[in-house]
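> Following the hints, put chain B in place on chain A, whose structure we already have.
Quick mapping for you: the protein sequence lines, in order, are chains A and B.
At position 30 of the first sequence the residue is numbered 30 (this note's numbering), and the sequence of numbers has no breaks.
At position 460 of the second sequence the residue is numbered 460 (this note's numbering), and the sequence of numbers has no breaks.
Read the hints as simulated data drawn from the structure, not as lab findings.
There's no promise every hint is true.
Short derived list, chain A residues pointing at chain B, Cβ under 10 Å [to be verified]:
{"#": "1", "residue": "Thr-87"}
{"#": "2", "residue": "Pro-91"}
{"#": "3", "residue": "Ala-94"}
{"#": "4", "residue": "Thr-96"}
{"#": "5", "residue": "Val-113"}
{"#": "6", "residue": "Leu-121"}
{"#": "7", "residue": "Leu-126"}
{"#": "8", "residue": "Ser-128"}
{"#": "9", "residue": "Pro-129"}
Computed list of chain A residues with no C-beta within reach of chain B, every gap over 12 Å [unchecked claim]:
{"#": "10", "residue": "Ala-41"}
{"#": "11", "residue": "Gln-44"}
{"#": "12", "residue": "Tyr-100"}
{"#": "13", "residue": "Ala-107"}
{"#": "14", "residue": "Val-149"}
All residues carry an ideal CB built from backbone N, CA and C; glycine is no exception.
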Amino acid sequence: MATLPAFLQRSEAGPESAQHSETQRRTAPARSERDPFQLRALPQDDVFFYCKKIDNSRLVREPDPQSRGACWSAIGAAAVLVTMLGTALAPSVANTLSGYKLEALRAEQRRLVDERRTLELSEAELLSPERLQKLARNQNLVTPKPGQVIHLETKDGGTVAMVKRQ
Amino acid sequence: MVERRLTWLAGIVLIWGAAIFFKLFSMQVLHHQQYLNQARARQEIVIPLPAPRGANFDRNGQPLAMSVPAESVYLNPLKVPDFEVAAELLGMVLHLDQAELYGKLAQAFENHRGYLVVKRKITFDEGQTLRSLGLEWIGIEASSQRHYPKGMLAAHVLGGVDFEEKGNAGIEKSLNDDLQGRAGEERLLADVKRRGIDSIHETEARAGTPVTLTIDERLQFVAEKELARAVEAHHAASGSVVVMNPNNGQILAMASYPTYDPNQPPEPGEPANARSNHAVSVPFEPGSVFKVVTITAALETTKLTPASPINCNGGVIRIAGQTIHDSHGGTGVVPMAIVLAKSSNVGAIQVGLRVGSENMYDYMRRFGFGQRTGIPLPGEARGRLRALNEWGKLSLPSVSMGQEVSVTGLQLAQAACVIANGGLRVKPQLVLKKGNQTVPQEPPVRVITPDTAITMRQMMEGVVTLPEGTGHNARLDGYRVAGKTGSAQIYDVAAHRYSHVYNGSFIGFAPLTNPAIVVAVTLNGTRGNVGFGGAAAAPVFQAVATEALRVLDVPKDLPEDAESVTLVAKAENVDDLAVTDQPLEERNILEEGDDDDQPAAAADTRPKVPNFRGMTMRAVLAEAASKGLTVLPAGSGLARVQDPPPGARLRQGERIRVQFVR
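Chain B on its own, in the form it takes in the complex:
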């Protein structure tokens, strides 16, 4: 009897265990994912990990573009209880047109759309107001917003992004893959109060790579300011300025006008060409600046020298039934250097005819015309350089003086670099670093001999310095300058002839002995004689080059009268002061009562050492500078010890050592 009962009991327990086992098997194996999802939905919070788009910096680390967190408002039209109320409420809070919003809501509802973005990039206050409403059909999602903190500065270089933060112009577009980050996701195990307990990285966020440009924002600002001033003063339609380092091809500034604010989306009234980078995307007939190529080709392929006489025919020449005049007055037989300085069209044609079509075409290609420079900017134009077999009878004369060919401002700057750096064609570089990795620069290509380059430099200096030169407005204080003006008449397509509207341009570099910068200025659509390159573009060169040489601290190559002695003290030099190594009695401890107003010997004109006691380093340096004295500072804090003592007379070349103590 007992055994029977035990058997029954064992059977029941077995069935019970089997039921539990099968239930467990069902939960843990068969429906594992389903229950897992249910559990996660209750216990976990998914947190999006933002991956901000990489910032853009100038060469000195100044941010030019950066992304900051922002919020967007969305709602589910299918859950909105009353469209009128919703439109009125959101319109009031978000400063939107209520009627338009109502229409969007109604349309979304008709289309059975459950997601409608009401406004992107809302302000902090707007977000707070919406949150305080506590309406469940209003959602706020985190996003990112691109900002250009310097406004219009370098707008054409930087470009812009669309509402999804994808680049649509400039560097933002061409380097979009580098700049764009990859958002991540984090699962957060939360308690009943939705407080996080533990987190699991589902996908790691990968921030966009910051990009450092070769642009210097100080030079960029000056270039844009001077360009805008010149374009407005000469009523030009557009213009561009490119500042390059001729030795490595780095672009220090690239300005284009008209310009725009990349923080603002395109507006209906905006000029059509405002967002075009004229320095890169808009080719133009260069005019006389192209004579640099003609003369260079002549120096390399013919026996012509700067002193070789060129017959300018009184400023008139007739070729293939066409009469061509000099625009700067006629002249007779002049050295080739004067042809360049005076920018004689007839002289350039005579030289070009000696060079020949093939050589001319070859050198135009060598200088980089008719081909893209490879700068990482979208929409770069290659310019117009017809194949040799397409040249007509007038092509060689036209090309010799810069017509029948079109170039970009960047190509002009690149060509000027060839002359400036001794005959090497360097590829323009715009990106200095990606992240911490320096972007390698392509090796330069030799296209002309160094001798030719030096000869061309001297001839181009004549454009600025010679009385016959057309580029007097490009002279710089303290620096020797080489340059070339250009004033190309713009062809009137309707009238089938050249108009009196010009492309005024100037290319130049300084200092002549060791060029540090190349500047190419173009103004499109100038009018009259004041619109020539020498009158309109050369002053822009002067202003930009002056600021560039100052900012880059380029040594002057012209002697200056009464220039004060430069006071430069390096820390390494300060180490050899040895002031504190001197015996105490020999030090000049600066105490109360020390005075530098001691009477000096009548015949002694040597400078007297001031009393620097208790002064800060800045004040000491300023006072020393004002008196033309050289100070070697050591330490930090306030001046305590100085040698020589206050009131002493300095010998020629002697420096004042000042020990600062906190």
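If we strip away everything but chain A, and leave its shape as in the complex, we get:
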């Protein structure tokens, strides 16, 4: 088997080079006279390949409407198959993705509910009468007298407190 460099070299040499090689082979010394320092040829080292140049430019493919139709049919069938497969699998995939999202939202909801409860507790602590009294005392506020605070009812159901100055 020829090595690639040998193959390239020999295939590119052409017929003249081939004759030259033949001459060399004939004039080569006998086996006994072989140079001991020369590398031994590999098996089939003397096999030569030729590149046959083929010109297909003159060939013209004859139109085949049947094969084209078959090709398009195959493409269409594949497209339909993919579409059907996609249609069949899409809900499942969407369901799974929605499931991920839903569970993430549920976990978030649980966290927010817990957080709201904690915040409500904080609010209740801040609105403790004892704390409010201390704050009021620090600001020199006094308990209004009976009748001093008047609650006005508003349209939206809220109340507005006003304090009469006495």
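What follows is chain B alone, placed relative to chain A:
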């Protein structure tokens, strides 16, 4: 040859199919549950769904008790690699005693316990620190923690919970079934990264029912503050205050002293009676407040009237070998109304003797003494009211002046309600709503006639207003008050005689014409004359009743000098303003340059309309109030239109209409 081969092939395929079928049958039918469990263990996560304990609210929706999520730390002692390291580590992070923790770990290991709770209700930071350690033998589990955000407020009413959040006192105990929720469980189908894909509710969580109490936290706070002040000022041992609505029996405040913080577990140094609700669970001898029952019974069962003369024998009477004195000085023959006002023991005994034992016992029962009120609080005492056949010779005189009988503060308040509401005994109500359902109130029971009740009201007013009365300290500005003082000597069991330590008490209600509140104050263990009910308990009544009437916005029933005109405008009235319906030229569009400082006619003393331009509603109302003017606001935002215009003089009774625009 071919047929033979085909037969062999068919046989092999059949055997192969049969093997597959049997394997499938084994997996799907015979070992279904086993494989199902294995699959679930790999694919599913069990998420506990917390069911928070129902919150407690006051009547205005202010939270008094609520549960918030918390975490507890546990570990498996059998898997702990080194107890010393574990104790040191957990002790440092969780602020626990390391030696104690080491002992617990070692003991749990010796007992082959695989579960040991190290600390409950850890803080967020502690939880984060433990998680960051990433030690597999430390576990953190979600739990819930009960909080009482108002601290000691209404501690005796609310009670408390144990470490499993089961009520162990107060409302928490009596309504535990309603308040306690039922935790649920959710199975979560998870992917390889333990992210949830789909969930199945295994068991639905059922949150505890929130309970709304009849308590008003503002009144509760005042009641507790004034009670604590009085107990400390008079060096009393304990005390209680009950504020009730006499018309429906709703308890607006129930204070007890000494008190405690329900957020904290009981401590060794805590007073033994700190967690007792004295208003409900600790009966005492009522003393003179009980004369209300005696006089009421006399009005109903004898021909005695408030003006009937009663011989008080100079303040001394001798019955069955015992000499009984008046504690507020002796007197002679006085009307029965004065007997009550002056709180004469001798007079009450004389009246009681005319009433008789059977009638007296009957009326004590009618007023609700000797029986539980049925309030939903654990440990309610029924008081001590001996059966009639157990009465001795001194029983009727003693009972007539409030001895030989014991009552609770709540029973006293209930009895005062009978007088205040016209003769109906109402059951004390503490729970207003469970969830959104209003708790129905039992219909009241008529126990005395309305005429008797009205007569008693007037006589009890004399206790506060008459010069001879003992309850002057209970007077209120702007309101007519009825009340009765009580100063019962506490019996010294060791010495077998009554000591000079008193149960000072006061029951009263206001306003007299249409009572809105009943207040019962008791101070146990007061000393000396300053420990009498009139001196020690009546001021507490005054402070609590003043605040209650203010908070409840109860109209005054006494004329006040120079009281400013109340300015109340309802939204419905605002609708008839019709300011915007007026032609534009007649409106008083408030523009720059409008001024209310126009010179007024010298003789015209009518108030001048201020310029409210650009002011907020609050500022307009405040300025109007400061000048004694009535404003009818409309809209919202800033004042834009007003009628009459700035600077105009108001006619008597005329109101200023102000249109606010954003």
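> Give a verdict on every hint.
Evaluation of the provided hints:
Look at A/Thr-87: its Cβ only gets to about 22 Å from chain B, farther than 10 Å, so that hint breaks. The interface hint given for A/Pro-91 is broken, as the beta carbon of that residue sits about 14 Å from the closest beta carbon of chain B, more than 10 Å. With its C-beta approaching chain B no nearer than about 13 Å, A/Ala-94 sits outside the 10 Å limit, and its interface hint is violated. Look at A/Thr-96: its Cβ gets to within about 6 Å of chain B, closer than 10 Å, so that hint holds up.
With 10 Å as the threshold, the beta carbon of A/Val-113 comes within range of chain B, its nearest partner Cβ sitting at about 9 Å, so the hint holds. Because the closest C-beta pair between A/Leu-121 and chain B is about 5 Å apart, less than 10 Å, the hint holds. Nearest Cβ of chain B to the Cβ of A/Leu-126: about 9 Å, under the 10 Å cut. The hint holds. Contact between A/Ser-128 and chain B, as hinted, is supported at the beta carbon level, the nearest pair being about 5 Å apart and thus within 10 Å.
Given the 10 Å rule on beta carbons, the hint for A/Pro-129 holds: about 4 Å separates it from the nearest Cβ of chain B. With a least CB separation of 55 Å from chain B, A/Ala-41 remains clear of the 12 Å interface cut-off, as annotated. For A/Gln-44, the non-interface assignment is confirmed: its Cβ lies about 47 Å from the closest Cβ of chain B, beyond the 12 Å cut-off. Distance check for A/Tyr-100 against chain B: the nearest CB is about 6 Å away, which does not clear 12 Å, and the non-interface claim fails.
At roughly 7 Å from the closest C-beta of chain B, the C-beta of A/Ala-107 falls inside 12 Å, breaking its exclusion from the interface. The beta carbon of A/Val-149 sits about 8 Å from the closest Cβ of chain B, which is not more than 12 Å, so the claim that it is off the interface is violated.
The structure shown violates the earlier hints numbered 1, 2, 3, 12, 13 and 14.
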